[in-house]
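Peer 1: All chains, full assembly: derive it from the sequences and hints.
Protein chains: 2
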Amino acid sequence: MQPHHLSILGVGLLGGSIGLAVRAAAMPLRIVGYGHRAATLHKAREYGAIDEGYEDLSRAVRDADLVILCTPVGLFGDTLRRIGPELKPGAVVTDVGSTKRSVVRQAEEVLPPGVRFVGSHPMAGSEKRGIEFARADLFQNALCITTPTPRTDAEALKNVEAFWTTIGMRTCRLSPEEHDRLLADVSHLPHAVAAALVGLQEEAALPLAGKGFLDATRIAGGDGGLWRDILLDNRDNVRAAVQRLKNRLDSLATMLERGEEEAVKQWLDAAAARREELVRQKLRELGGE
Amino acid sequence: MQPHHLSILGVGLLGGSIGLAVRAAAMPLRIVGYGHRAATLHKAREYGAIDEGYEDLSRAVRDADLVILCTPVGLFGDTLRRIGPELKPGAVVTDVGSTKRSVVRQAEEVLPPGVRFVGSHPMAGSEKRGIEFARADLFQNALCITTPTPRTDAEALKNVEAFWTTIGMRTCRLSPEEHDRLLADVSHLPHAVAAALVGLQEEAALPLAGKGFLDATRIAGGDGGLWRDILLDNRDNVRAAVQRLKNRLDSLATMLERGEEEAVKQWLDAAAARREELVRQKLRELGGE
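Top line first, the protein sequences correspond to chains A and B. Residues in the first sequence are numbered from 653 upward in steps of one, following our numbering. Residues in the second sequence are numbered from 653 upward in steps of one, following our numbering.
Incorrect hints may appear among the rest.
When chains are identical, the list treats them as one kind, so a pair holds in a single copy or across two.
[Claimed, not checked] In silico SDA-like cross-links for lysine to any residue, where the CA-CA straight-line distance does not exceed 20 Å:
(1) LYS934 / LEU709
(2) LYS695 / GLU760
(3) LYS780 / GLU929
(4) LYS780 / LEU866
(5) LYS740 / LEU938
(6) LYS917 / GLY851
Because the hints were derived from the structure by calculation, they are not lab data.
Peer 2: And the structure:
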């Protein structure tokens with residue numbers, strides 16, 4: 653099934669960039685946007701991210717083949733409940749949420765039979781928000797994780813993956829549980845730590861901050877409301893990840909207390925080597941292998 | 653006193669960049685370098701970072717007006733003991749170390765009367781090492797912290813500050829104790845945390861790492877030996893900083909456990925606002941106000 657009518661619910665940075673990327677890929681799709689502010693919808697039309705925009709959710713999803721939830725994670729449950737009765741049989745629904753267990757569970761609970769849900773997490777974005785920062789190339793070479801379950805329709809999964817691929821993404825599959833556990837470690841914990849590193853500084857320390865500190869805390873500039881939703885939605889995994897970080901720092905503190913020079917060096921060298929390997933891997937990906 | 657003869661002990665990234673910056677600023681100085689490898693000294697001469705190079709420490713400091721220690725922090729004590737008897741009366745010694753209490757204490761203990769020490773921490777560098785990465789503009793607009801004590805000679809302090817200013821730096825003064833405490837928070841802790849964040853990842857998480865993770869952990873790519881010295885030398889402050897980070901993360905974990913939406917958002921918003929203010933401050937500095 654080739655979708656003809658795409659509905660993007662929430663035309664901010666991600667939703668807007670999806671629209672622009674669809675246009676840039678010359679996909680023959682009518683793009684309808686939903687937003688709760690007329691001004692945003694107007695801008696999205698002006699930028700060419702959507703063809704039509706509605707402040708009315710049911711109007712925005714009417715006749716859609718493919719619906720993408722681009723609102724904050726905290727609104728997904730309510731949105732799914734409201735659009736369920738409006739969707740045509742066979743419609744495919746996906747999302748761009750940074751956590752996956754709750755949205756997949758809610759979708760499988762509230763969407764009517766015949767409407768097919770596939771969880772997606774396109775790993776692209778920025779600490780910026782809003783349609784003003786939308787870019788057609790935001791998704792190029794980035795990774796999109798889909799999170800099928802035993803109840804996921806195989807054809808819908810393929811269609812959703814084909815969609816992300818067409819706008820330039822690589823795809824991989826994880827269970828919603830695996831996704832949320834690994835993302836807690838590699839994304840949600842680093843965000844919480846960056847915020848904590850900024851928060852604990854005395855005023856006198858801030859003028860001494862160098863480029864290293866600015867890089868290390870860049871992600872702490874992200875939107876508080878968005879990250880509140882993510883951290884709360886994934887709180888069990890985030891708390892476990894915090895505990896693991898504390899354990900690692902405790903080992904370091906013990907090595908320092910004991911003056912274990914060689915052990916401290918190995919601890920640091922292992923991290924440096926691992927990061928270097930990661931950077932090589934990322935460069936290969938950007939090379940488009 | 654205008655120095656005529658500068659000795660740079662250690663011609664790696666920092667020592668080499670000092671030489672290049674002195675040349676770029678057209679300071680009328682003879683630059684002598686010390687290194688323990690002839691090949692490095694040869695390169696430093698080729699790049700124009702030094703005029704002469706010696707593998708013999710006493711030869712390298714003979715007749716020097718200004719000596720800058722650019723070897724790793726862990727070697728400072730030994731170097732100071734060895735150069736003390738070779739220095740002429742009135743010579744000024746400074747350093748580029750990232751920790752300041754130990755080098756200042758050692759210098760005040762072992763240098764002979766008449767040789768004047770001023771602790772310096774030019775906050776410039778990179779995760780790269782070696783003369784190959786030296787740059788004449790490495791210090792431009794960056795901050796150099798000097799760490800005078802009641803025993804510091806006032807004229808020597810002014811001369812050292814004038815030197816850093818001439819190669820493009822801003823300067824400020826802190827006591828060695830204050831320096832080490834604040835730097836533990838704003839530099840040494842972030843480094844330890846970045847290494848811990850890399851180290852705790854499962855293999856399966858690394859392919860999911862995005863730009864945020866790479867930025868947050870960039871400093872973990874630094875040299876293990878160098879950072880071992882820094883963390884060990886400043887271990888009391890680093891351990892206190894680790895404890896404060898753990899406390900902050902514990903508060904977050906408690907808010908998450910209790911589902912305190914508003915408190916989590918405030919915690920994140922406060923960090924984002926603080927970092928934004930810091931970025932504005934850094935931009936003003938780069939603007940050269």
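Peer 1: It remains to establish, for every hint, whether it holds in the given structure.
Peer 2: Hints and how they fare:
1. LYS934 / LEU709: neither (39 Å within a copy, 44 Å between copies)
2. LYS695 / GLU760: Neither: 33 Å inside a chain and 66 Å across chains, both beyond 20 Å.
3. LYS780 / GLU929: Between. Shortest inter-copy distance 16 Å satisfies the 20 Å Cα cut-off; intra-copy 29 Å does not.
4. LYS780 / LEU866: The answer is both: 16 Å in one copy and 18 Å across copies each meet 20 Å.
5. LYS740 / LEU938: Close neither inside one copy (38 Å) nor across copies (56 Å); limit 20 Å.
6. LYS917 / GLY851: between (28 Å within a copy, 13 Å between copies)
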